[in-house]
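> Chains A and B are the protein sequences, given in the same order. Mapped onto our numbering, the consecutive letters of the first sequence carry residue numbers 1 to 917. Mapped onto our numbering, the consecutive letters of the second sequence carry residue numbers 918 to 1035.
Hints were generated in silico from the structure; no laboratory data involved. A quick note: this is a predicted structure, and the numbers were derived from the prediction, not measured. Note that CB positions come from ideal geometry on N, CA and C, so glycine has one too. Keep in mind that the hints are not guaranteed to be accurate.
[What the hints assert, rightly or not] DEER-style ranges, computed between Cβ atoms:
id, chain 1, residue 1, chain 2, residue 2, range
1, A, 866, B, 1001, 57 to 65 Å
2, B, 956, A, 769, 17 to 25 Å
3, A, 801, B, 944, 16 to 24 Å
4, A, 906, B, 944, 23 to 31 Å
5, B, 953, A, 642, 21 to 29 Å
6, A, 866, B, 944, 42 to 50 Å
7, B, 956, A, 733, 52 to 60 Å
8, A, 860, B, 953, 41 to 49 Å
9, A, 801, B, 940, 26 to 34 Å
10, A, 733, B, 953, 17 to 25 Å
11, B, 942, A, 801, 58 to 66 Å
12, B, 920, A, 778, 39 to 47 Å
13, B, 953, A, 829, 15 to 23 Å
14, B, 956, A, 734, 29 to 37 Å
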Amino acid sequence: MIDSILKIIEHQYPKDFFTSITKEIALSLREKFGIDSFIFIFENERNILKLLGSSMDMDPRDDDLKVYYNDFPSLFEELKKNNIVELGFNEFFSIYTLKEEKTVFFYPIFSGESFMGAVVLSKQYIQAENLREALRSYLVVLKLVVDTSSVNAFREKLGIFEKLSDIFDNSQSDETLINNILCLLKDTLFAEVAAYWKYEDEKLVLYNISGLEPSEVKKNILPIGSSVEGSLLNGEESLLLIGNTNFEKYENPFDIHMKSAVYSRLSVDNVTFGIVAIYNKKEREHFLPYKYFDSIDQIFLNSTVKRMGLGLSRINIYNRLKNEIQNLKELKQRHEESIRVQKEQLDKMNSLHKISQAIRSTYDKNNSIKIMLLGLTSGRGLRFNRALYLERDRVRGFLIPKLWIGPDEDEDVDKIWKEANRRALKYGDMIQYLREEALSLPFTNKLTENVKNMVLVYKGHPILDRVVSKKQVIHVVPQMLKIKHDELEDIYELIRTQEFLIFPVTGRFDTRGIVIIDNKFTGTPITNVDIEIIKLYQDSIGLGLEMIENYDELKEKTKSLEEQKNLIDYYRRFKDNILQNLSVGIVVVDRTGKILEWNQKAEVFFSKARESIIGTSIKLLSGTFNDDILNTIEQIYDTKTDLRFPNYKLNVHEEEKIFDIEFSPLWNRDLGVIEGVIIVFGDITEVYKLQKEIEKREKLSAIGEMTARIAHEIRNPLTVIGGFLNRMLKKLDDPQSIRKYSGIIQSELTRLEDIVSEILEYSRGERLPTFEKVSIGTILDDVVMMFEDFISQKEINIQVHKNEPELFTNGDKSRLKQVLINLVKNAIEVVPQKGSIKVHSFADDSTIVIEVENNGTAITPEIKEKLFLPFFTTKTNGTGLGLAICKKIIEEEHKGKLFLLKSDDFSTVFRIELHSC
Amino acid sequence: MARILIVDDEDNIRLLIKEELLDGGYEIVDANSAKKALQILSADRNFDLVCTDIEMPDINGLELAGDIRKKYPEMKIIFLTAYSHYKSEMASWAADAYVVKSMDLTELKDTIQNLLKL
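Bound conformation, chain A alone (with noise of 0.2 Å):
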């Protein structure tokens, strides 16, 4: 018998091995007491009964026959405690091989103390002792049947976890999972239809249904009152419903027949999604028609349904991540972007900056436009297809096209702008990349003959007016040139792109004309961000453009003023010039006393260095300049006019110095007031020593003079003299001659006396005045009697008025005598023949005034000065100290003048002043 167990293990497929070897078992048994047996085994597992195998011939509808705990609790109970169970049978429990029977007896079967399930037999007439005899030698293969069987349902139960894991890890979707799910459970639970409501509104909506056809819907939505399904949001978890009239109360909402149905409810995270609901156990080939769903269905269900929840919740969660990181990407997205425009915008702006700066680098207006059209789209500036300048012509309110820079459409663009860039690129500086690519620029190409001859009128344009009068930037879009299609025609036709700016070049005051930019080849959109960089553009480019315009005016000004400061600066250093070289020490003074003006001379006279003493007050230095130029300097301020110190001592450096000072004020001349004085120091110390030397000297060669006048004076006598005393040797013996030549040398000896006495007379020092009162008609008289005797000879004409009454004045008699004795002497000898002579006195106050009058030759201007020098003569004969000794006289002794009144060719008149008593 082991044997053909053991060739059962040999041959059979394990599905069928444990049927074969329980049908073996039973079939030993059947020929031990003769009677049919069927065998039962215990699945730990799943607390259930299986019919495995039978001595019979089974129904195949038994195959799969299982006695619940739950059914029958009594009979579990029991057989555990090794009692012999009789069963009746009823709907639930048919076992169809015996279906003549009225009951059946279950033998427990024991390997130990283990309980391993239990023998069915029809009859009761075995010993339960002989029964166990019997199994004994079976026990060992029971105990493997009754393991592997614990095997196959956890492989089974492992398998269906094995399916849920995929259709989680494979289901993307709420939908899919839900699908994948409803059909899972109907497969695994041989349900006819498997369906999840969507709890929704207060309702419940068929979301997915799995074993129907769309028409054997009735209802697809579910009042929660009326349904069973409805009565599960607020109740029990799930629900197991078995046999037709419990359905009867409810809504069926399928075209279907309900025999079971299993409830369960979904819930993600305590919130009630739905019902997953089964309905109808399938009838299999082999399945009694009654077979309902059962509890195990229902734990299957409802574990399944909390993964599900799980599932979805998973899913739920997984949708939100992704959302959160398709929303992270795009916040990601749009920050990269918005670095984008905001480096391009620094890129602009930057750009913007090095333009201005090209533009005002350069001082020709042509080339200037050139550098803002170049910078405006060039690849390393703002980067636009084109851009066209139009300048303004006030007078006649038009704009005219001047230059326009980018490719012209027949030509290759491609071509044309990487050539471009690759010149801009050789560039380190943009700056010097702008000027010298605007030098090498044509004024002329392609694109500007196109325009060449149109003009654009802005005056009453309602557009390009608020271009130029408004200053306003205007942006053409597609849509505008529809809308305002004849305002914008003009420009259109002159452009010809569908969307392009228009801004103002304007300068601090007025628009100097307009630039129109397009992107009419890359279609690039012109973007705010652009808008706001053209308007600082517009500001720099047009500040710049008015600069090079204002150059010429600017340079020709700056050019006079150049001049200006440069004849301003000469004067200034040629004023600085002569102060400072002027022989003259020159000091300006403040009303203060500030000094203002101290030149080179003034630091060489009085030793201070212009830079120490300019800014300090000159009463510092009255160690110098004493009271007397102190004073002086108020004073000027009153008297407003020019004081001299001629010939000052000034003590300078313990050394007297003379000065020549001269005080003028300083006139301010648009006020009217004085600002300080000048003053002028003349060093005249050489001059004065000089001028004393010369007088000195002239002193000296007076007397030289005279003495030669003396010799020549006394030659002449002596000549005389001792001619003829040799004569008269030679003519001892003629008595005549020596008589004669006796005379001769006795009147040349008496005019020798009168040489000696003369210059004795001047040079005397012994003799004093002696003063008394002496009459001037007394003496007039006497000196005119004494030359009576002249005066009639030369048949001269001689007044003579002596005052009335008598004029009287305290003097010497004798010695006033001689003066008028000389003074009418000299007229004597100087009147023509026939000449006449006029003697006046009178008084004028306590003068008595005496005047010699003569109609002789006017006296020469050179005689004048030295008339009454001592030994001057103009006569051959005389020692010229005749008027020199009449001086002395009259000033020195009397106290009083002698002086020419007049000399002219009418008359000669000397005049004595002297007091009288």
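Based on these hints, arrange chain B on the given structure of chain A.
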């Protein structure tokens, strides 16, 4: 016989020279001023020599000599003066000789003789 014109404003000097030279056998004419001398010469230019003082009123001897040189280039001229300093004046070079007055008239007479010998 040589004819000599003497010019001097001092009568006694003129007289002395005149008498002395007359003794020497010369024919003498005298004038008390330059003006007078020029008058005499313009009337009678037949003189061999003019002897003139320098210091004289109106026209002095130097001027006179200059005048005579212009008008009578052949005329011999002697300055006879009390001053020696005129010798240094260019104008005095117009004369043929310059003699300082002295009570001894030998020098004057020698000079006249030498000049007339030429």
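> Does each hint fit the structure? Answer for all of them.
Hints and how they fare:
1. A:866 to B:1001: 57 to 65 Å: violated (24 Å)
2. B:956 to A:769: 17 to 25 Å: violated (50 Å)
3. A:801 to B:944: 16 to 24 Å: Given range 16 to 24 Å: violated, Cβ gap about 55 Å.
4. A:906 to B:944: 23 to 31 Å: At 47 Å between Cβs, range violated.
5. B:953 to A:642: 21 to 29 Å: At 59 Å between Cβs, range violated.
6. A:866 to B:944: 42 to 50 Å: Between residue 866 of chain A and residue 944 of chain B, where Cβ atoms are some 43 Å apart, the hint holds.
7. B:956 to A:733: 52 to 60 Å: violated (38 Å)
8. A:860 to B:953: 41 to 49 Å: About 25 Å separates the Cβ atoms of residue 860 of chain A and residue 953 of chain B, which means 41 to 49 Å is violated.
9. A:801 to B:940: 26 to 34 Å: Hint violated: Cβ distance 56 Å, outside 26 to 34 Å.
10. A:733 to B:953: 17 to 25 Å: At 34 Å between Cβs, range violated.
11. B:942 to A:801: 58 to 66 Å: Hint holds: Cβ distance 60 Å, inside 58 to 66 Å.
12. B:920 to A:778: 39 to 47 Å: violated (57 Å)
13. B:953 to A:829: 15 to 23 Å: Roughly 20 Å apart at Cβ, these two residues keep to the hinted range, so it holds.
14. B:956 to A:734: 29 to 37 Å: holds (33 Å)
The structure fails to meet hints 1, 2, 3, 4, 5, 7, 8, 9, 10 and 12 from the earlier list, while all remaining hints are met.
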